[in-house]
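*Asks:* Chains as they are written, first to last, in this note's numbering: chain G, 18 to 140; chain S, 11 to 266.
Watch out, some of these pointers could steer you wrong.
[As the list claims (entries may be wrong)] Listed below are several chain S residues computed to face chain G (Cβ distance under 7 Å; list not exhaustive):
| hint | residue |
| --- | --- |
| 1 | Gly164 |
| 2 | Gln167 |
| 3 | Leu168 |
| 4 | Phe239 |
[As the list claims (entries may be wrong)] Partner residues aside, some chain S positions facing chain G, computed with beta carbon under 10 Å:
| hint | residue |
| --- | --- |
| 5 | Gly24 |
| 6 | Arg165 |
| 7 | Leu188 |
| 8 | Cys193 |
| 9 | Gln238 |
[What the hints assert, rightly or not] Below, a list of computed lysine to any residue pairs in the SDA-like style, where the Cα atoms sit at most 25 Å apart:
| hint | chain 1 | residue 1 | chain 2 | residue 2 |
| --- | --- | --- | --- | --- |
| 10 | S | Lys109 | G | Ala129 |
| 11 | S | Lys248 | G | Ala116 |
| 12 | S | Lys191 | G | Ala21 |
| 13 | S | Lys248 | G | Gln123 |
| 14 | S | Lys248 | G | Met28 |
| 15 | S | Lys191 | G | Gln133 |
| 16 | S | Lys191 | G | Ile20 |
| 17 | S | Lys191 | G | Ala129 |
| 18 | S | Lys191 | G | Gln123 |
| 19 | S | Lys191 | G | Val138 |
| 20 | S | Lys191 | G | Met28 |
| 21 | S | Lys191 | G | Trp125 |
Treat the hints as calculated values from the structure; they're not laboratory data.
Please read these numbers as outputs of a predicted model, since none were measured by experiment.
Using N, Cα and C, we set each Cβ at its ideal position, and we do this for glycine too.
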Amino acid sequence: MDIAQALVMGMQTWGIIGAIVAAVFLTIGMDRIDEDARGAYVFRPLLIPGVMLIWPLVLWRWWQIEAETAPWAARYQAVRGWYGAAVIAMSVGIIVVVAMGLSVRQTWPADAVPVQLSIGVDQ
Amino acid sequence: MSDDSEKGGPFFVGYLPVPGPLRVFLLSVCLAVVGGLAAAGYFMGTAQDDPGPGAFRFDYGRQTVTGVVEMTPYPVIHVTEGNDRIKPGDSFLMTAAGKSGVDSRAMPLSGQLVEVSGIVLERGDLYMLQLRGGRNGLKAAEGDAPQVTAEPHGRWQLTGEICDGKCLAGAMRPGRGLAHKACANLCLLGDVPPIFVSSQPVLGEEFLLVTGPDGTRLPRAAYDHVAQFITAEGEITKRGDLLVWEIDVDTIEVTP
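Can you build the whole structure from these sequences, using the hints too?
*Replies:* Structure follows, in structure tokens:
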């Protein structure tokens, strides 16, 4: 498997898991953790793309609220504590990716000389 | 209300004059952003490889010549009756508009005398004709078609890059390199002829039509190596004045 196939497979796997999480969360989980959402269905399809994208966060928050491992007010607070670290990690990541890309870049083999391995039948 | 405003510190409001203490800061930020973006643009631009001299030559006007169609298996025209720019004895490749070849139009006329008409794409010694649509671009001509000879030149190990002929010849800038890989593969899937750019001239030519062995199309296994710098082996045959390299995909090695 080459890098491109691995990337596509990774994205497909992420999306498939996300779709399963979205299906379960939006039909079962949401009613269990948010009483205000009970009986409201029209808006739920709008959340499918977002859930597919950040399904680990959805699962973690679902578990946090379901298991009551955090104070009740935590459900109304965005996860802002990670934002600073995420910004730094992404900034460094971009620089690392560009540097790695430039470091593995091929150079044009201008010195490579064509080599005749055998002569033609008519020659 | 923030602590700063409670303490009477400077507070920026867009529709009010900028507070004195913030002017230097605001000016510095503006200069840094404008200067930084200009510098980034300059360095990104200068870091790019030269896209080369390839281009559509609309300035030449529409070119119409007569020649023999040969399927190599990519269709080649061996010119028998040229004009001011395209001389008798020349051999060139053809493409349709967009990312499409002209195989379906050329195949029924294989070995026959035809009249072709279109716009030239030119990059150094390499040129190609983007044909007009339908029969206006390619149609049978009156007369006997001369026999096209194939001159074998043996097996060669070459180093260079597989590109799609149309973008390389000037349809895209850049028309080669990793940045162009996806476009090149789409063109090849659309039957645009593939061209090998050799690191150094082979039998006097820098550009060779690259095919599979024994008159087959470029194998799909080679598509993974399009736009990479590779070394490979294969038989070279001269057809008209065009070199055709029958690449052996099992010998492909990516250069450092």
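*Asks:* State for each hint whether it applies.
*Replies:* Taking the hints in turn, this is what the structure says about them:
1. Gly164: With Cβ-Cβ at 4 Å, under 7 Å, it holds.
2. Gln167: holds, 4 Å
3. Leu168: Interface hint status for S:Leu168: holds (5 Å vs cutoff 7 Å).
4. Phe239: The hint holds - S:Phe239 has a Cβ within 7 Å of chain G, the shortest such distance being about 5 Å.
5. Gly24: Not OK, violated: S:Gly24 not within 10 Å of chain G, min 25 Å.
6. Arg165: This hint holds: S:Arg165 lies near chain G, its Cβ roughly 4 Å from the closest one there, short of 10 Å.
7. Leu188: holds, 8 Å
8. Cys193: violated, 15 Å
9. Gln238: holds, 7 Å
10. S:Lys109 <-> G:Ala129: With a Cα-Cα distance of about 31 Å, the restraint between S:Lys109 and G:Ala129 is violated, given a limit of 25 Å.
11. S:Lys248 <-> G:Ala116: Not satisfied, since the Cα-Cα distance of roughly 43 Å exceeds 25 Å.
12. S:Lys191 <-> G:Ala21: holds, 13 Å
13. S:Lys248 <-> G:Gln123: The given pair, whose Cα atoms are some 30 Å apart, is violated under the 25 Å limit.
14. S:Lys248 <-> G:Met28: This hinted pair is violated, its Cα atoms lying about 46 Å apart.
15. S:Lys191 <-> G:Gln133: violated, 28 Å
16. S:Lys191 <-> G:Ile20: This hinted pair holds, its Cα atoms lying about 15 Å apart.
17. S:Lys191 <-> G:Ala129: Holds - the C-alpha atoms of G:Ala129 and S:Lys191 are around 22 Å apart, at most 25 Å.
18. S:Lys191 <-> G:Gln123: holds, 14 Å
19. S:Lys191 <-> G:Val138: It is violated: about 36 Å lies between the C-alpha atoms, which goes past 25 Å.
20. S:Lys191 <-> G:Met28: At roughly 21 Å apart (the allowed maximum being 25 Å), G:Met28 and S:Lys191 satisfy the hint.
21. S:Lys191 <-> G:Trp125: holds, 16 Å
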